[in-house]
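Asks: Input sequences plus hints: build the corresponding full structure.
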Amino acid sequence: MSRTFRFWGLVPAWALMLLTLIVPILIVAGVSVAERGAYGGFDWGFDITSYRQILFTEGWTDELEFDPKYLAIIARTLIFAGAATAICVLLALPVAYYIAQQSARLKIVLLYLVTLPFWVSMIVRVYAWLIILGNDGLLERVYRLFGGADISGFLFTPGAMITGMVYSYIPLMILPVYASVEKIDPALIEASHDLYGGRWTALRRVILPLAAPGLTAGSILVFVPSLGTVLEPMLLGGGKQLMMGTLIQTQFGGARNWPFGAAIAMVLLTLVVIVLLLNARRATRQAEVAL
Amino acid sequence: MSRPSAIEVVNVSKRFGDYTALDHVDFKIFQNEFFTLLGPSGCGKTTLLRMIAGFETPSAGTLLLNGKEIAQMPAHKRRVNTVFQNYALFPHMTLSQNIAFGLKNLGWDKTRITERVGRMLEMVHMEQFAARKPDQLSGGQRQRIALARALAAEPEVLLLDEPLSALDLKLRQAMRDELRTLQRETGITFVFVTHDQEEALDMSDRIAVMGNGRVQQIGSPKEIYEDPGNRFVADFIGDTNFLDGEVIAVEGAQATIRTALGTDITTSHQGLSGPGPATMSIRPEKIGVNEQAEGALFDATVRSRNYMGGFTHYTVQVGEVTLRLSRRNAQSHQDSLEIGSTVRIGFREPNARVLGQ
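Chains as they are written, first to last, in the numbering used here: chain A, 1 to 291; chain B, 292 to 648.
Please keep in mind that the hints were generated in silico from the structure rather than gathered at the bench.
Glycine included, C-beta positions come from ideal geometry on N, C-alpha and C.
Heads up, a few of these hints could be off.
With the C-beta cut set under 7 angstroms, the calculated list includes, among others, these residues of chain B facing chain A [said to hold, decoys possible]: (1) Met364; (2) Ala366; (3) Thr385; (4) Phe533.
Stretch by stretch, here's where chain B covers chain A in the computed footprint (C-beta under 8 angstroms, at least three residues) [unchecked claim]: (5) 117–125; (6) 194–203; (7) 256–270.
Pairs of lysine to aspartate or glutamate, DMTMM-like flavour, derived with a Cα cap of 25 angstroms [to be verified]: (8) B:Lys424 with B:Glu453; (9) B:Lys395 with A:Asp185; (10) B:Lys395 with B:Glu406; (11) B:Lys368 with A:Asp185; (12) A:Lys183 with B:Glu347; (13) B:Lys319 with B:Asp493; (14) B:Lys461 with B:Glu489; (15) B:Lys424 with A:Glu190; (16) B:Lys319 with B:Glu447; (17) B:Lys395 with A:Glu190; (18) B:Lys359 with A:Glu35; (19) A:Lys183 with B:Glu445; (20) A:Lys69 with A:Asp47; (21) B:Lys424 with B:Glu469; (22) B:Lys513 with B:Glu576; (23) B:Lys319 with B:Glu299; (24) B:Lys401 with B:Glu360; (25) A:Lys183 with B:Glu469; (26) A:Lys240 with A:Glu140; (27) A:Lys69 with A:Glu35; (28) B:Lys513 with B:Glu445; (29) B:Lys424 with A:Glu288; (30) B:Lys368 with A:Glu35; (31) B:Lys424 with B:Glu445; (32) B:Lys368 with B:Asp400; (33) B:Lys424 with A:Glu182; (34) B:Lys368 with B:Glu347; (35) B:Lys461 with B:Glu447; (36) B:Lys368 with B:Glu453; (37) B:Lys424 with A:Asp185; (38) B:Lys577 with B:Glu445; (39) B:Lys359 with B:Asp314.
Replies: This is the structure in structure tokens:
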């Protein structure tokens, strides 16, 4: 009885996974090898043109020419997502450490403030940065107020995109880093000072190693959605600097090339899976060392 | 005294807002001494220890380490190491790495560090555990590694913050002996903080009894037990009977006190300048019963009895006065005193103490 229950009891969970995860991925994979329809959409089939298109263009005489234009977009996506993750690490560590030092009451308030932006629509939050960074926006006005030259052009730059990504995803870094930093016994910092270590030693040899689990978890939580982000490059990058997310979006939208969009989506999914696999392998290796 | 001092606490006060943790504390700790700061929680002993370690700075006064002023010196520049209450071993490092931590920071070269770490592990009998992490150790083993880590760099003073409080009773007893031996062998000054008077009496060369942010008395274990300087010390160390009374005569080191017992007692006093209200203290084990009764004698009624194994504690009544006394159970089938029976009790007058209010 318990054996049948074990099977039937899990059916809802399996059904949910199947319908909302496996089936959609299979559909996207199917579309990525379909043929482009004459009037948009697609016709089922098996055709690797879309994948070939990522690396090559067809010349006048049907010969294939290597074209790095999409590779550049993939590289840019990796670099921007990496930069956003790195900046999140640098900002989140002091913030999380500061929160961990506060009284229990203040901790709750500060953590609530960190998560507060999540209650506002993502689009609204990114639009807010348009107003801050835009022509004659808040940043330029403040800059002029302090005697800065009359400059403009913060918006629609890689800097604006990365700023937006850091802003959107940094709570996902602060929370896990806080969780591991909060557990550090203050006596360990004192022990480090007691044993002839200055502040730098305490940070490098005690705080950072003990915060590492949170930093890794946070990095994955920031890096993975940064790879697929759409709003920041679209609104703050002005669509000038394509990233994989916006590329996929334009293929399904304006360009009406569903199979190519699906192929890029599969590449993005592969990148994400590689990141998660690398992390899983590192975690098991660490668990083995501990035994 | 001409013994060189390892630490001089010079008129130190420490205030946290309105709260005074240390109030004009002033004393010396000699070199190669096992010195204990003993007191109830909140007496300032831990604040003082943290000040010597460099985790607190005095609000007033100063501290000298082997003659050098250290009150404002950061913790990592002081040749002082601490065994923390919960050991504070670095959980992400092996035992060897824990012990090597301070040596690396001091810039020792690799071979010298390896050699010293090996010797420290040997000293605490933990050689075979070198590659383990702290969470794979028992409490006693962690304690040993914390000691090895703190002693590795041969500090001028070793501070121990209630290091035995996390251990079970049997282990605690064994670690007391180990600590004492270690102190003798290394010749390093140990400053030990505890609220456990038995630990303090057992291990220390000298004890500073602290209470209410002040040093109440400094002396050898025997001095503070037998000649408590005031009522606080007599009350905190061991068990005693207090009898409030009136001093009717003071002659040199001797005072005569009249209490509700009825008989005037003449014995040594602490801090009296002349007649006036005072307190007499007599310890329970110094009161004899029946054939052991001598000195000042009284008829008493037995009120209660607590059998403790090695001893039996009684409360007896003499007129209006209730006294506690303890009898050693020297024989296996020793008769105990019956509750309600009348017995003869007595103590020799020099065993009592007269304390100022």
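Asks: Does each hint hold? Answer for all of them.
Replies: A quick look at each hint next to the structure:
no.: 1; hint: Met364; result: violated (12 angstroms)
no.: 2; hint: Ala366; result: holds (4 angstroms)
no.: 3; hint: Thr385; result: violated (11 angstroms)
no.: 4; hint: Phe533; result: violated (39 angstroms)
no.: 5; hint: 117–125; result: violated (count 0)
no.: 6; hint: 194–203; result: holds (count 6)
no.: 7; hint: 256–270; result: violated (count 0)
no.: 8; hint: B:Lys424 with B:Glu453; result: holds (23 angstroms)
no.: 9; hint: B:Lys395 with A:Asp185; result: holds (22 angstroms)
no.: 10; hint: B:Lys395 with B:Glu406; result: holds (13 angstroms)
no.: 11; hint: B:Lys368 with A:Asp185; result: holds (22 angstroms)
no.: 12; hint: A:Lys183 with B:Glu347; result: holds (23 angstroms)
no.: 13; hint: B:Lys319 with B:Asp493; result: holds (21 angstroms)
no.: 14; hint: B:Lys461 with B:Glu489; result: holds (14 angstroms)
no.: 15; hint: B:Lys424 with A:Glu190; result: holds (20 angstroms)
no.: 16; hint: B:Lys319 with B:Glu447; result: holds (15 angstroms)
no.: 17; hint: B:Lys395 with A:Glu190; result: holds (17 angstroms)
no.: 18; hint: B:Lys359 with A:Glu35; result: violated (85 angstroms)
no.: 19; hint: A:Lys183 with B:Glu445; result: violated (31 angstroms)
no.: 20; hint: A:Lys69 with A:Asp47; result: holds (21 angstroms)
no.: 21; hint: B:Lys424 with B:Glu469; result: holds (23 angstroms)
no.: 22; hint: B:Lys513 with B:Glu576; result: holds (15 angstroms)
no.: 23; hint: B:Lys319 with B:Glu299; result: holds (4 angstroms)
no.: 24; hint: B:Lys401 with B:Glu360; result: violated (32 angstroms)
no.: 25; hint: A:Lys183 with B:Glu469; result: violated (32 angstroms)
no.: 26; hint: A:Lys240 with A:Glu140; result: holds (21 angstroms)
no.: 27; hint: A:Lys69 with A:Glu35; result: holds (22 angstroms)
no.: 28; hint: B:Lys513 with B:Glu445; result: violated (30 angstroms)
no.: 29; hint: B:Lys424 with A:Glu288; result: holds (13 angstroms)
no.: 30; hint: B:Lys368 with A:Glu35; result: violated (73 angstroms)
no.: 31; hint: B:Lys424 with B:Glu445; result: holds (23 angstroms)
no.: 32; hint: B:Lys368 with B:Asp400; result: holds (19 angstroms)
no.: 33; hint: B:Lys424 with A:Glu182; result: holds (21 angstroms)
no.: 34; hint: B:Lys368 with B:Glu347; result: holds (14 angstroms)
no.: 35; hint: B:Lys461 with B:Glu447; result: violated (30 angstroms)
no.: 36; hint: B:Lys368 with B:Glu453; result: holds (24 angstroms)
no.: 37; hint: B:Lys424 with A:Asp185; result: holds (16 angstroms)
no.: 38; hint: B:Lys577 with B:Glu445; result: violated (44 angstroms)
no.: 39; hint: B:Lys359 with B:Asp314; result: holds (22 angstroms)
The structure shown violates the earlier hints numbered 1, 3, 4, 5, 7, 18, 19, 24, 25, 28, 30, 35, 38.
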